[in-house]
Each structure stands twice: as structure tokens, then as C-alpha cells.
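2 protein chains.
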Amino acid sequence: MAIERESLIGKGFPKLDAWDKAAGKALYIHDIVRPRMLHGAILRSDRAHARIVRIDTSKARALAGVRTVLIAADIDNVPFGHGRDNTPLKGEKVRCIRDEIAAVAADTADLAREACGLIEVEYEDLPVVTDANEAMKPGAPLIHENREDNMPFRYDYSHGDVAVGEAESDIVLEESYSLQYVTHCCLGTSGIIAEFDANDNLTVHSVTQVPFSFKRDIARIVGLLPDKVRVIQVTIGGAFGSKLDIYPYEPICVHLARASGQPVKLVFDRREEFVASPTRQPAEITLRAGARNDGTLTFRDARLVHDNGGYTSWGATTPFVMMQTFSSLYRVPHVCFECTVVYTNNPYSGSMRGYGNLQATFAVESMMDALAEKLGMDPLAFRLKNAQKPGEKTGQGLVFRTCGLEDCLETAAAGAAWSEKRGRNGNKRREQRYRRGIGMASLLHVGGGAKIYHSDGCGSILKIDDFGVVTLLTGSSEIGQGSETAIAIITAETLGVPFESVRVVNGDTELMPWDVGVHASRTTFVAGNSARRAALKAREKLLAAASDQLDRPSDSLDIYDGFVTDAQSGERIIGLDKVIRKLHFGERNDVVITTDYYEPPSVMQDKYFKGNVSPAYAFGTHVVEVEVDTWTGVVRPVKVTAAHDIGRVINRMGAEGQVHGGVAMGLGYGLSEELKVEEGRVLNPNFQDYRLMTATEMPEVEIHFIETQDSEGPFGAKGIGEAPAICPSPALANAVYDAIGIRFKRLPLTPERVLTAIKQGKATP
Amino acid sequence: MAIERESLIGKGFPKLDAWDKAAGKALYIHDIVRPRMLHGAILRSDRAHARIVRIDTSKARALAGVRTVLIAADIDNVPFGHGRDNTPLKGEKVRCIRDEIAAVAADTADLAREACGLIEVEYEDLPVVTDANEAMKPGAPLIHENREDNMPFRYDYSHGDVAVGEAESDIVLEESYSLQYVTHCCLGTSGIIAEFDANDNLTVHSVTQVPFSFKRDIARIVGLLPDKVRVIQVTIGGAFGSKLDIYPYEPICVHLARASGQPVKLVFDRREEFVASPTRQPAEITLRAGARNDGTLTFRDARLVHDNGGYTSWGATTPFVMMQTFSSLYRVPHVCFECTVVYTNNPYSGSMRGYGNLQATFAVESMMDALAEKLGMDPLAFRLKNAQKPGEKTGQGLVFRTCGLEDCLETAAAGAAWSEKRGRNGNKRREQRYRRGIGMASLLHVGGGAKIYHSDGCGSILKIDDFGVVTLLTGSSEIGQGSETAIAIITAETLGVPFESVRVVNGDTELMPWDVGVHASRTTFVAGNSARRAALKAREKLLAAASDQLDRPSDSLDIYDGFVTDAQSGERIIGLDKVIRKLHFGERNDVVITTDYYEPPSVMQDKYFKGNVSPAYAFGTHVVEVEVDTWTGVVRPVKVTAAHDIGRVINRMGAEGQVHGGVAMGLGYGLSEELKVEEGRVLNPNFQDYRLMTATEMPEVEIHFIETQDSEGPFGAKGIGEAPAICPSPALANAVYDAIGIRFKRLPLTPERVLTAIKQGKATP
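If you're matching them up, the sequences are chains E and Y in order. Per our numbering, the first sequence starts with residue 1, numbered consecutively. Per our numbering, the second sequence starts with residue 1001, numbered consecutively.
Just chain E, with the same shape it has in the complex (with noise of 0.2 angstroms):
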């Protein structure tokens, strides 16, 4: 047995990419260049919906330094994306503002730019749809001409039977909630660089956070075999799911490339990158709820409506995830789905850190605050009452091995001190200027991945040099989440050697074993799994030269802090390094290489939507504070307790991080976030009219996590990537309630309206 021993697990340590970030030496797309390499630039519509009917691209072409300019006639342009409805390049009509008519391939970036502004496109304006309800109805203009309707998709989810649920119920509500567009404003905008080689060979420098998807999907849309296309991701300046799909402008960049003969880069301005990257689905959801007079939910009748835009992207399986809360957030037993998804000329949504959970946990915690209400409970009581507890199956068939809700309830609400705080502002108080709140919203989300392909799996190759430094080749990405930390923390755990010693590599298909990719926060799990047990098998042949080396039975020896040590005493016997280097120079003349691929034990769901998707799953809980200014409108958020049951914490500031990071984004969705689409056109396609959180505006954040230690975890955890978004936007119109008595079923709770709401007594629908 084992001494005692310091663990790496659960420590502090700076994210493996934190220096060069830092110091402004990690390499973005922006920043690669490559020999003889040109730059392209899209010319984009500026019509909603229209026919093209002409284009001329002759001044275009006659412009010194531009070498290659392609319209949809010049490229064989395959439809793709999850409705095969989108193409590289619009040849025959335009459906979205964003749409792409033509490309430059020029010796800069400017002269391509310029080349764009000289092309002539004649127009033939077609009827603009941008309301989804009015897109539903018979007669309306189609946005997709070969199809009978603008309605592509339609999930219907139930179990139980709702009818008999409300027939149960003391008290039933229902509302309308209205989720506005937001887009994830990565720092580091859009961009690639494609590149042939004289054997036809594609190397694409991508910010994909799917790199294995992403070559199968890119081969196919430019026509070559998978096998010629070989995906290098650079460091990513933010992906949060919006690079977990192909976007027209990257099989634009291979087609110039292929045209031209030379590497082309294509990379967005910030303006493009809010006209054309994706947006976080849209969402209008009326809730229909009902519970007994004890507390206890009975049923949840949930009818969506998404708008589409004007193709598909992931935005469309977001009802995915969404139904999931509905059925499983808290215990209820009769629960239906619906959601209709509708083309319109709008700007299309792709996924987004949460991917639907923001919206729908909106929807369902502002109704678990007004059933409480109604109820006369405690919301913080109220949820106890339905939380779900370890070894729940719930109706939609997902399985809590570990769960952490109710304390995560209990911790929040204490750290919040809730029960102080929680109802301060009666009616006496409405004549303060300043008034306070309180709220609180939980979450459920995947915490190990989603099967929602064939595989959720990861391989890992393990190696040791000469000098005791373990390279861990992983098939999961860094796309700023932290996971390589993670991952190199799991692997000098297991190994036993400083964390100093461990290497991560990525991000090159040609070399990485495979990975599904980065969502549904699985990468510390899985990929993390897949390196711990690369590590073990490592361990066990170090710990075998060791004892051959020493005469010694391997069981007497364990490896510490890159020492192998004497099992029983913890004394230091040799480093690491030397019995490697006897092991390889010595008469076994052997190092050290091991493999793994860990495939999570989840399942794809069956078409009932019905099945345990995910290994393991994450729970949390908010409590926010705020200050209302009842003068101006002003929303302040004072604090935000944050309870999440991690399963196991691995880097403490790395998950940390994401608790910062993910409140900052729940805050800006609930608070000031929107990006402004009127008539299928951005209106505030800068930082100065869109309005992130800033470091200033950030309330404290307290946090707690909760360690249930999952059994099939890396020692114990869970993922954390996108929980920490998820809460903050319910809990804080929860407890802006709380301070104004005033309910916002519509986000953000900008100062506009909610002085309006003030003034009228009640918040605009």
C-alpha cells in the first residue's frame, strides 16, 4: 500500500498556453503566414433576398495583385450543412445579408478587399421574411424554393402524459419567453489558410474546434477524399461552439487556393465577424407548468419555435439539449417538447457554449421563481423539493451516477445567504432609488460528452524521452477551455512525475489519434479518461524496468514526483529519467510509448430522443445579487455564488476560469448582449454598439464546487466547460423580481427596458 502522498489533483496551475498568450507570442490565424502565401476576401450581399441576376467581375479582375476571383459558376458548389441547404458560393439567389457572392484572392488582404468593392452584382429583390411565425404560414414567400415549406425540422419529445399531469396539478402557468440573438465574439476572428500541395494534397491552418469532422466535412464540399486533407488547428481565440461547424467562407478560401495555385488566407474584420460568423439560436418558447400545492412538479408543456435563418446550421439541433432541461431539470413526470424550426431571411445560428440550455433553463427557472410564487414556497425550498438526487433515471432515460443539485442548492443559497437576503424590497421600499435582489436558477448539462455521433471517443499516444519529458499526443483540441491542463495534470498524476514534465500535442489530423471534438464539455472527461489510462499502462512498464533495474518486486516501488520511490516509506530510490535511460541504453535497449482510446460509456439516443447520452452529467446552481438603479434603468450585478458539481475538480484555476468565464457571458446574455437584426440586417456590428461585460462590470464571483466524485471520471470529474454560462441569466431576472417585483421574460435586461417595465409597471412582452 501506498504512503500518503501529495496529489497534482485539485491544485492551482496556469493554463499550459497562458505565456504565450500573455506575452502575445501565440500564434492565430492572423499572425501565420506562409511562403508565397496570398489573401482572399468574400463580397458579401446586401440583400436579404434576392435573385441574382448579373454579376461582373471584370473590374475586379483587371485590379494589379489580384490573382483569382470566383463566382458560384466558376466552382462546383456542393451544398452542405445539416440540411445540405447552404453552398460555398450563391450563384442564383441570396437569402441572408451575409450571403457570399464572390471571392478575391489577392497579394493582400486590402487588394482583395478592393477587388470585392469592384464587383457589380444586379439584384432582383425577392419578399423578405424575418418573422418566423409569418415564414409557418401557408402562402408565405420560400426561402428554400425546391422545398414545400419554410419548415425543415420538427422535434417532438414527451414522456409521461402531459394531460393527465396538469389534470394533477393545484396550480398550472404558462408564459411566452423570448430569447434575443447573441453571437459569441471571439476576440480572435474567423479565418483560415488552405494550401495544395503538387499532389493535390489540402493542408488547411483551421480554428475548428472539431478537426477530425471538420477534414471529413471540407473534403467532401471541395471534392477531394478525406485522406488528402490534412487539418492543423492554430491557437484559437475563442470558439465557444462556434467553430464546431463548416462555414461557407472556408471551402471559399480551398476553392482560391486550388484557383490560384498558391496558399490563400481568408480572415474576418470585426464587422464581418459579426455579420457572418454564427449567432446563439434565437428562441421563443411559451411554457405551460403546473405543480401541487405541496410543491411538487407535475408537468412541463413546452412548444418552441426557431428561427432557422436562412440556412441550417447547428442553431437548428439545439431542441437537442433544450428538451433535456425541460425533461430533466428537477424531478417531473409528465414532460412534452415541441419545437418547429423555420426558415427565414435573418442571420443563421450555429452552436454555442450551452447550445440551447441558456434558453431553455431561462424559460424553466423564471417559471420555477413564478410557481414558487404562486405557491406562496421559498424558491430555494421549492427546488429542493424537486431536485433530482444520485441514481435518478429520468423520463428522457439520462442516468445520475453522481449528483450534486441539492447540495449545490444548499451551498449557493448559503454563500449567497439567501435566506437574509431573499425578499428585502417589499412594497414599502419602492420609493429607493437603488433597490436590491436576490435569485437563483440551477442547471443540468452534460458533464462527459454526448454521443450524438457513433463514437464520443479519444485516443492518446503516451511517450517518454530520454530526459524523463512525457509527450501526451491527444486527439482533443485547446480551444482556450483549459482541457490541455487538464489533461497534462491527469497524466503527471497517474505517471507520477512534476507537471512540469508533461507535454500536450494537438491539433494536427495527421497525427493526432481521433477525437470527436470539442462540445458537450467532454474533454477533461474523455480525452482526460483516454490519457489516464495512455499513463497507467506507462506506469506499469516503468515500474517493471525499475524493478528489473533494481532487483526489486515491482509492487515495493511506486513512482513519485519523477522518482521511483519505495511503496512503503516514499523514499526516493532513482529519478525516473535514469531508469529510463538504462531501459533505453542499457541492454533492454526499450522506451517508453503506449496508446489508448477511451470511448465514454453513454449511447445515442433512439428516435424517441430516449437514451443516456452522456457518461456523466453536471449540476449547478446561481445566486445572484443585484442592485436595480430605479432611476435610470441600470442593472447592476453586486454577486454571484456559484455552486457546480464538478465531480472531481482537477485544476482549480482552470475551473475557476470557466466559472469566471461563464458567468461573464450569463451576465452579458442577461444584461446587455443582443445583437440588433432588423429585417435580416445587423445593426451593431461593432464592440461599441454591442456590449460585452467588461472586467469593470464584473460582480464578485464566489465559488463553490461540489465533488462527487464520479466513478467514471478521471479520478472523479466531470466536465465543467459549459455549465457556468447557463445560470446566471435566469437567476439574475430572478432577482431583479426579487428587488422590482417585476418579471422579464426577455433578455437582456438593458437599462431601456427595464425603466420602461419601471414606468409601466410591468415588462413589455
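Worth flagging that the hints you see were computed from the coordinates, not collected in a lab. Among the hints, erroneous ones may be present.
To be verified - In the EDC-like style, the derived pairs of lysine to aspartate or glutamate whose C-alpha atoms are separated by at most 20 angstroms in a straight line are: (1) Y:K1762 to Y:E1752; (2) Y:K1228 to E:D466; (3) E:K228 to Y:D1020; (4) Y:K1610 to E:E587; (5) Y:K1537 to E:D590.
All of these numbers come straight from a predicted model, not from anything done at the bench.
Once you have looked at the hints, place chain Y on chain E.
Relative to the frame of chain E, chain Y by itself:
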């Protein structure tokens, strides 16, 4: 038992990198740019031996665009090289014309060179010693003043007893041979890019052919732990051994990067490449040898002086290889070899294809011809009489598991019509202007590495993606020799997939498993064996998966051409990619990743230089036919007939390419190449005055491969990299003797030298 099927082994495949190289798309160090990169240049000494009194860098520092100027005093000038007698910058004295005195990093390469020109150096001249025999004398000026004399190394080898051998001889000859300076003439000049990240991790883009020892050595020289260094090999525009060592420009560039805080690229121009890259070790060889009247060799006694130049690089170690030729090319019972290595103020030598063996074989094979003549034997018959045979263990301890020397001799002679053409030019034809002659020479060289370190092994990692594409991550390096292609063939054949399905990845120490580097004609043998073993493991896993999926015993299945086939009938059952996808995405959820580390069964030689240093040995014979223009002295090679014991041909096109390249290099050595060095100064640093063989000057080359099927080699193969360069020059000199009756003991056979000899009736010694 599997049915007969067509094998990939022995076919001809263009090199994997041929397309990009031919299309100008390969990225050499010259092409690579890094963000914010500066350009470095070096100020070199123009004195061969002098004390540095003063360096004034003020004008260089004042030049706009200059970022860093370094002299020896600015850096920790760590000694390096085999004698630890070199330093990056020279502070107190210079010992060669090329010596590095100062270095500049600037915004452009032109600016950096201009700044070098502005640095003022005041010297105090010291007596220059450029004759090794002079340098050996007591009282000679000391090149390294911390030493007692100029003789840092000495090699003494013997087996048998030369005195006994001489006593048993019927004839004894003694001759002196003199081999000139030549240099590698890599078309890609030397270069490096060094950059530090924010954590003081160093990445170098390098042309090294030994990345792992480069990593270890450069770390030490620049004061880093080896684990802080990542070496990325770029496409290498020729190496031929020249990149086996570290040279001062490399740590200098690292120091420039560190001092400037930016990436720095330092690339030689052609003149600098001639002056400051290594040479082939020149040699002065006195050889005494004897034979009995029946043609049996009795003894060899070789005495050598090696001009070491000012510092010790690999040239000083060429006696290791030379002595093998003296000891073991042909059966000789009594051999003595002595070599003294002597410092001078000349340029210093590195390793170069053949590594001492061109020099040694020139002496041995010239002497063989002279002995045959004295014995009145046909040179072919004399060689056959003394040829090594399979199973032989030589006096030095080399074990010839396979040995095709007799076959090579007979095949080359037959191909060249030896018996008809030999001796056509009796004295009767002396009046002819153009006179033809034919000569031969054989070779012995290591054919599977040389264990000069404690490991001569190579690691491999193999992964197969969902499309059936195999990536082999090998530790071995591609330096133009075509080993990647050979490894791809070995992998494809072993796995049963098409050649096109295999990608070979290497060139990055962070990713590659360990390998000792490119030397000693080892890569196909050692890395090929490692790849084969990794592929065998993958094949086993694939057959198991297919067996599982098809519900058939795995020994009833085979894999061929990317399909699982019936082992009996050869009939295709299912595509391998489908089996792989079912393995990955079906219930098993697994992927194929395998690893291997192969160490050849060779040993390090003992202190008497004895032991079986390589797992296999290459043999070969070249017959060269020449036409001598007796009016001008021009020697025109008419035909080279080459027979090589290659074990087994893996890639016929690649192996033939090696023979063509080796013949060109060997003929250049014999005919035209000479780096003219006077008083330590290179007089012909350009391709106008330094004459390489060009395509139009190349003779017909007839190639025969003798396939001896080495049981340890991959599919029976042995190395071929160096061998073809070894024989041309002695065979050429022997042919010239056959043509004009003059025996040359000094190379190259330039028109001037030949014409002078014709006029004098004998060669100038």
C-alpha cells in the same frame, strides 16, 4: 496458407516528396517565415590564425533595423564538438578563416550582412600552420594553447601480426595516397530558425539529420535543459552527412533569438556554404601490403595523418570506418591501422557520405590493382580469390550474415564486358588521341547502422484513420535519401494496403519516437524494421476485428490491397476501411494505434575497435570504363557498371536513385571536385570554380542489385545509402591506368593533372 499475390516490395515508386520538390512547393529553410522573424548574419575571421585584440561593434549597432549584435563576451560561450574545442563565437583568437567573431540580427538579411561589414576587428597575427606534418613537429605553433601538442586523437587498430604477414608474402608494395578536400555542395545551403516562447522553450527549425542528438547538444550549448528544446526538421536540401554535427552558426542563431526576443533566421549564402560548412576529411595514407604468388592477401599496414583543421568535428572520427575497409574488405589475416589526427589552421571536416570509406577504398583498391599487376593476375580473379563470403567473421569482428561480394564482382564484370575490354590499350596504341580503359573496385560498408552510441534503434507509432489511411510516425528522418518512401512501402506491404494509403510523418522531436538519426546507411534497415513490426501489430488487430465482424477465424482471412480477403482464394470480402469504421463506430468502439521500438542486434566496439558494429553489411563492385583524351588530359567516364548487394530491393526507383547519386558523387571525387585551400583559405567558393559532375557529364550507369535476403533486414533489405559513392573513384583511377598506364595516387584526375602526368610519363605524387 495465403495465396500468391503481387508484392509492393521491389517495385518502383517515386519518392513521396518528389512531387512537391519538383513543383517548387517543398518548404526549405529558406522558404520558411515565422511571425516577427529577424534575419541573422555572422562576421567571420579573414585570418587563419590570429589573436583578437579589439572588436568595435558601435557602427553596426547604430545602423537602423539592427536589433542585436553579439560578440563572444555577450554570451555564455560553451565549448562543444567532439573535442569540446569549438565555441559559438570566438573571443580571444581565431584558428580558421571561417571563424565566427560576431553576429547580427536585423530586420532583413541584407541589413544584417551590412551591419557585419561595419564591425571593426583588430587582429594580432599568429604563425599559420596548414601542413599537418609540420603541425606534428615539436615546437610547432599550438593551435589550441591549452594543449601540449597539436595531436588530439590517435587511432591504433590491428589484428593478426603484420610482421608475420610480411614474412609470409611473396610480394610487398608500399604506396602513398593523397585525398583532397571536397565538400557536400548541398543545393540547400545551411540554415536555422530559432525562437523562444514565453516560457523560455526553444523551437528550432533545423536542417539537422540527427534531431535527437541535435536537441540534446544544442540545449547544452545554449544553457537549456534538453526538455526545453523542440527541433523541427524542415525539408532538407541535401545533407550527405554534413548535418550530422552542430556548427557554430546554430547556437549563434539561438543566442540571437534569445537576445532579440524574436525569431531569428540565419541562412548561408553559397560562398559562406563553401567556406563555413564542413568538408570531407582529407587523408594522407601510406599503405603497405603483400600477397603470395597464388594471389592470397597476406597483410595490410596503413598509416594515416588526418588534418583536423582548427576544431574537431566528425571528420576526426572517420578512422572508425576507414579501418573496417583496411581490416575487412577482402580477407586479410594481418592488418595494422594507425591514424594521427592533427590540428592545423585549415578548415575542419565533418562526416560525408561514405564517411572515410572513399579515402580508404581508394587506397585499398588502387593497391589491389597494383598487387594484381605485380602478381600478373587479372584484377577480377585476384579480388575473387580474396573475396569475403557469407558467414565470415572478420579479424575486426564484423559478422557477414549475408555477403554478395563474389556475386557483385562477377555481375559487374559481366555487365561491363570486363574480359573483352580489359587491357585493350597496350603500348601499341599509345599513339591514339582517345584511349579507353576499364577498372574496378569493390566496397564494404555498414548496411544497417553502426552502433556508435548505446542505442542505434528507432521507434514507430502507427495509426489508421476511419478512411483506412495509415499514418506512420517514425523517429527516422528524411534527408532526401528516400527512406520515407521505403518505410511507406514496407508498411503498406506488411499491412496489405496500397502504397498510396500510407503517410509517413516525422521531423519533430516533440512528436517522433526516438531514433539515433541518419547515419551509417541505417534508415531503411532500422526504421523499416520498426515500421514493419508496428504494422504487424496493426495487421493482427485488423484481422481480429474482421474475424469478429465476419464471424470467421482470423487465420482464414488475409489483408491485401486495402481489402480483407479470403486467405485461400484471395477473394475480396470487405473493404478494410469498412472494417475499421465498424470497429470504431460499432459496439467495440476502438481504433487501431500501435507502436514499436526496434533495436538492431549490433554491439558497440570495444576499446580495440573490435565487435560487430552493424547488424548487416553492404557490398558492391563498380566497373568504370573511361576514355582519356591524351591531348587535353580530359578523362571522360563512359560507363559505370554497378553491382550492389542490397539484401533486397524495397523501392527499385529509390535504390537506383541512390546508385545514380552515389556514382555522380564518387565520379566527382575522382574527376573534378576539389575545395582548393591555401594558407587556410578556400580559393574556389563557387560552382564555377568548384566543379560538380553535371547531368550531361554523367556516363551510362548500369545497375545490378544482388539480393542476398538478409534475415534480419525488413523483407531482407540492407542499407544502400552510402555505398554507391565509394567505388567510382578507385575504379576510375584503375580504368585510367588501364587506358594510359599511369597510376594516380592523388585525386581528382583533372585534365591538368592527367595531361601533366602524360607528358611526364608518370603522375606527380
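Exercise. Of the hints given before, which are not true for this structure?
Worked result: The structure breaks none of the hints.
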